[in-house]
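Number of protein chains: 4
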Amino acid sequence: MGKEIRFGVIGAAYMGKAYAIALSSVSTIFELPVRARLEMIATTDAKGAEKKAGAFGFARSTGDWRKLVADPDVDVVGIGSPTWLHKEMALAAIAAGKPVLCEKPLSLSARDAHDMALAAERAEVKTLVGFNYMRNPATQLAKQMIEAGEIGDVIHFRGTHNEDYLMDPSSPMNWRLKAKYASRAGALGDLASHIVNLAHYLCGPIVEVVGESQTVHKARPAEGGVLEPVENDDQTNFLAKFMSGALGAFEASRIAAGRKMGLTYEVTGTKGALFFDQERLSELQFYSAGDASNRRGYRTLLIGPEHPDYGSFCIGAGHGFGYNDMIVVEMKDMILGVTEGKPLWPTFRDAVHTASVVDAVLRSQDERRWVKISEIVGELS
Amino acid sequence: MGKEIRFGVIGAAYMGKAYAIALSSVSTIFELPVRARLEMIATTDAKGAEKKAGAFGFARSTGDWRKLVADPDVDVVGIGSPTWLHKEMALAAIAAGKPVLCEKPLSLSARDAHDMALAAERAEVKTLVGFNYMRNPATQLAKQMIEAGEIGDVIHFRGTHNEDYLMDPSSPMNWRLKAKYASRAGALGDLASHIVNLAHYLCGPIVEVVGESQTVHKARPAEGGVLEPVENDDQTNFLAKFMSGALGAFEASRIAAGRKMGLTYEVTGTKGALFFDQERLSELQFYSAGDASNRRGYRTLLIGPEHPDYGSFCIGAGHGFGYNDMIVVEMKDMILGVTEGKPLWPTFRDAVHTASVVDAVLRSQDERRWVKISEIVGELS
Amino acid sequence: MGKEIRFGVIGAAYMGKAYAIALSSVSTIFELPVRARLEMIATTDAKGAEKKAGAFGFARSTGDWRKLVADPDVDVVGIGSPTWLHKEMALAAIAAGKPVLCEKPLSLSARDAHDMALAAERAEVKTLVGFNYMRNPATQLAKQMIEAGEIGDVIHFRGTHNEDYLMDPSSPMNWRLKAKYASRAGALGDLASHIVNLAHYLCGPIVEVVGESQTVHKARPAEGGVLEPVENDDQTNFLAKFMSGALGAFEASRIAAGRKMGLTYEVTGTKGALFFDQERLSELQFYSAGDASNRRGYRTLLIGPEHPDYGSFCIGAGHGFGYNDMIVVEMKDMILGVTEGKPLWPTFRDAVHTASVVDAVLRSQDERRWVKISEIVGELS
Amino acid sequence: MGKEIRFGVIGAAYMGKAYAIALSSVSTIFELPVRARLEMIATTDAKGAEKKAGAFGFARSTGDWRKLVADPDVDVVGIGSPTWLHKEMALAAIAAGKPVLCEKPLSLSARDAHDMALAAERAEVKTLVGFNYMRNPATQLAKQMIEAGEIGDVIHFRGTHNEDYLMDPSSPMNWRLKAKYASRAGALGDLASHIVNLAHYLCGPIVEVVGESQTVHKARPAEGGVLEPVENDDQTNFLAKFMSGALGAFEASRIAAGRKMGLTYEVTGTKGALFFDQERLSELQFYSAGDASNRRGYRTLLIGPEHPDYGSFCIGAGHGFGYNDMIVVEMKDMILGVTEGKPLWPTFRDAVHTASVVDAVLRSQDERRWVKISEIVGELS
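In order, the protein sequences belong to chains A, B, C and D.
First residue of the first sequence: 169, per the working numbering; consecutive thereafter.
First residue of the second sequence: 169, per the working numbering; consecutive thereafter.
First residue of the third sequence: 169, per the working numbering; consecutive thereafter.
First residue of the fourth sequence: 169, per the working numbering; consecutive thereafter.
Just chain A, same shape as in the assembly (with noise of 0.2 Å):
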């Protein structure tokens, strides 16, 4: 791929932008084996397509996905585009093997999650998943903290991604809210899929779950202000057990009233404990038992140069990490995960993991009981 790696992105909308603005950046932002360059956009006509290309810096655009993901002279495929078209455009992009980053959740079911690991696995395609969330230097963090066994071993893990974009009962209808599109797993899918991984990231898998999910708001206006029924739960809960034998809580909304970005963690070790809020995305709690006892308290730290990824964005600590830097930090680590072989996480199959808990938590609500997640696995194969 010579001096630069090229990029096609599919979809404009969101996270195609998202896409664009980092690839637009990371290249300055850290010192990379090539540039990236915006190469191609596909959205879903070629007119609409060829304005995005022009706003958003693309070199070229089309209206038909699977130019782009044939062109020679796309590297790399970014998917950005709504969950239900995900696994068709990863399946071309790795039938055309070429290294693909597609837009969490990665499927609608751990079955679809398997079947597009697998053919990566086969074509030997790397693949990587868009969970930018744990690339927060304050997470990456925490990370390392956990392993190096600054709070002991982990013995519990509560995690919530709480938003209320649609708390409002009348906020329209959208793809979002029919199984079809994104499955019946509503907030459970699209929210508690990031906890999920973060908590895979930070404290590895699950083995075990009990859940409870809610339709709060049962219908909503689409076109013509016509109520249709939302498919998929606005609310859930899940207890979960980690191989570790650590205990965890899980919680994901999207109509909790007065949470933004309330995505948290709380990871409570013998030693000491870490907490996080993604609504102050720049800092890591940190409580260290190993402090003299009347010293003790939790520690607000600021994230700076000495912590991952973040001296590339400013020299000076604390001074602020946006949403866009995290998929920067997402950029950089594919582009390194293709030129130099740095390995790649999550993976499609580290996904599958993801996908899994979200399909035991499903059936552990249909069926009211406690489900493994061998349960499904099993079933996958």
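All clues stand as given, with none of them false.
Heads up, the list lumps identical chains together, so a pair's fine if it works in one copy or across two of them.
Straight-line alpha carbon distances no greater than 25 Å define the calculated SDA-like cross-link-like pairs of lysine to any residue that follow:
hint: 1; residue 1: Lys439; residue 2: Gly458
hint: 2; residue 1: Lys219; residue 2: Glu172
hint: 3; residue 1: Lys311; residue 2: Val375
hint: 4; residue 1: Lys219; residue 2: Thr507
hint: 5; residue 1: Lys215; residue 2: Phe198
hint: 6; residue 1: Lys409; residue 2: Arg537
Source of the hints: derived by calculation from the structure; they are not laboratory data.
Given the coordinates of chain A, work out where chains B, C and D should sit on it, guided by the hints.
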């Protein structure tokens, strides 16, 4: 009882002292129809009791709690002894026809709680259980706001009561860790009961639970350094459904590094939300969707004289409420309940609900299934 | 004074009640050589005093404070009356040879404070000024930490005492707004005096100031709605140099929208820093450069039994200290000062410093220049 | 300038890189009439410049900034070099008739700032000074709210800019500590200038100041470990009066232990208040006396798409704004100023005010008196 209401207090440790502190100042803080008198204190030996009477300001003392209960100059009995003694003492006080304030948790089981409630009802004796955290003006305010519909219909409740006072595995064995004295519900019985009572107070009764608890530190050193088994849980998590339809998530721990008084609740409604953290007990966080959409945000209400009970302590808002102040409010309510018939909550009967939820969680854990509260309650009669 | 130390309290409003609350529980909370007795209360009329005695639990009452001062069964005099009355009352108590606890600010001027201090010194009478906020365990801890060198050499102090109880221009005229009764120092005398005393306690004496004050709402409605001029400042700012060489910035306001008990200080040293906000009075924020460079951050110390005086109130850390608790500590210190000769601080003499700083700020404002504290003090003798 | 606006950036260190990051993504983030092009970068040597051009994505490079200024394909000049070089560079750009974005502080003195402003005015060249912190949506929102009267009349402003990057006395000497390169205003010039500019933006001009500064660490190791004198202040405090009559208190430090980006302001009005802390740069705290008296409290506004400029970065509220994002907004404003004539603020002329306040504080400190800004400005012409 003339111009004074004479309290007999059983127990002179943590809660016994707390009762004494509250009783000594309650009549100065609040304008009451009668002044509280510290009439008698009972501990397990006469000498110790006499010393404590001197220290705390009681007029008389005894090494035999039965004498206190029977004493004609004791109008009200306060039970601040360990949990396993509550039942016998309370039944004796009830038999003597005396109003009882009993420390939480009320009993070792829902059955015991039920027996105690029944006895009180038959004897028409007034009772109150010492869940004093609900008397915080911040929480009374939360209750008022929920009832007034300020956050709409409640759809979710998350409650935690996390402390770390037993996080060190070398902390010695004590009665709270033994099933005989504290039941098989450890953090569940001691700490979760607070948050269950608060949930009941704020959101109404719970109808079903599923939970999981763990004893992380399975043995602790008893006298002489001999390790003895810990017989109840260090940490617990459970999900709940409220009668209202709301979803609940509960968490309690006595080994949660970093949390000293981590009693928190977040009540989410269709029009707003409330958040409280007892480590900042003079604050209630309030989010209202009634604010202009670009001016919405969690608001820190510092409790002041416009909120319940605060003004009797201080005329300046935000000057700070303390731990013992909550018990002063409890004593005030108890006195008004006895002297003026003001309704008391939670009575022994109300506390049967909390005890039943605790028992249901224990059963859920044993049988790994959802357990209806009605199942527990149905077995009581 | 036998087994009891008998207090006579002058004033039954805000501080008179606060004194009564503290006196009623101090002997239960702390183990003291004698129990405090609420012997007598004085207000401006006998009837009112009798009523207050009943409400607060005093044994006797009087409508003439001189009788209280002279009463042989009053061991200690507490002065909780308005500022302009302090001098006469304190001098009378001193003349009667009785220890005096006098509310802050001690007097209307440095001269008056000096006269009072001199009288006390000549009569060898123990005195204490009611700057109770310094008795907060969090602030006592701050003092210990500074003295132990935990933050290195202090180089900067910022202190504020902002409230908004008079922010509404239609709030009625009261004695605090009149020069005759409260001096020309409004927020400066009433509120800044607290923070100056704290600065003195934590960082030593001040040697020079320059300041500026403003009366924003220049008139307020008196009885009958007639507007009367406000005769002292609503807000004040001043810079200071400490004897230690440290730089100081002070701010006080009674019209600072949003601040209810905005007494804050940040003490910056060469090796760390401390931050305190009385709206969260159970916390001290501590930053230590002694932590590893990538683990540094402000740490929230929740006060607990390992910190000064807290354990007598509650054995559980972080359970919450309240406004009245600080006055309980003050009473404990006063009692130990009188009965066991424990050094008292601030005495009337110590409070001359605070009063001199206030007077220096007034002069700085009048003459628009830096004013040395020695200039004020030099004029006193 | 056709479809592109071509930037030449002088400097490739901290700010040079920040400019490059912002320029690389600004056209993707915002819909602009033209796309920004990274045309040329200049550093002190041709080789280094070439390398930086490659790293940052500039088309061309030079070791001679004069060539950059003169290059016909450079439309706009960005000056990110050290302060002492600003004047010469800016005057050259102005002479070339090119719009200039110059980093803050604009110059070493008010006189230099005035000369630069005058030159720009005579040449009718557009200018902007890089006080990028004011471009934070939170601060733009604050400005809107103040202008709309949401907090009433402003009566007080407190601003701080505290960092601790030089708190270690062994941190090496650098140009910022030398009078020749950074003026006698150290933290005053480098950091306080930010907060003075913000005060100007939010509350209008300042008319008078009195201040005090200190060099705490008087010497630092230069190359070879030789101690060299520090020639400007480590910390500064000053009081100010605004033209509006409001009172101001300012504080800046580069040795304030614990503060990483402690740029804070509290603007108090007669009807409410605003508080901002750049360590939590995605939040604005708002207190409104318009709320019901028992529902008042500081409200945390998380910035979102309903607030200025945020929506172009992300459509989800509270997702987090970062340091570089503020510079992106700055670039957007610069581009719109140049291409569409959108008013720019602060121009060089506006920055004369900030420089004059800084000079007035220096004089105040030298002469130990209040200094009027008009006194400084009067000497400029």
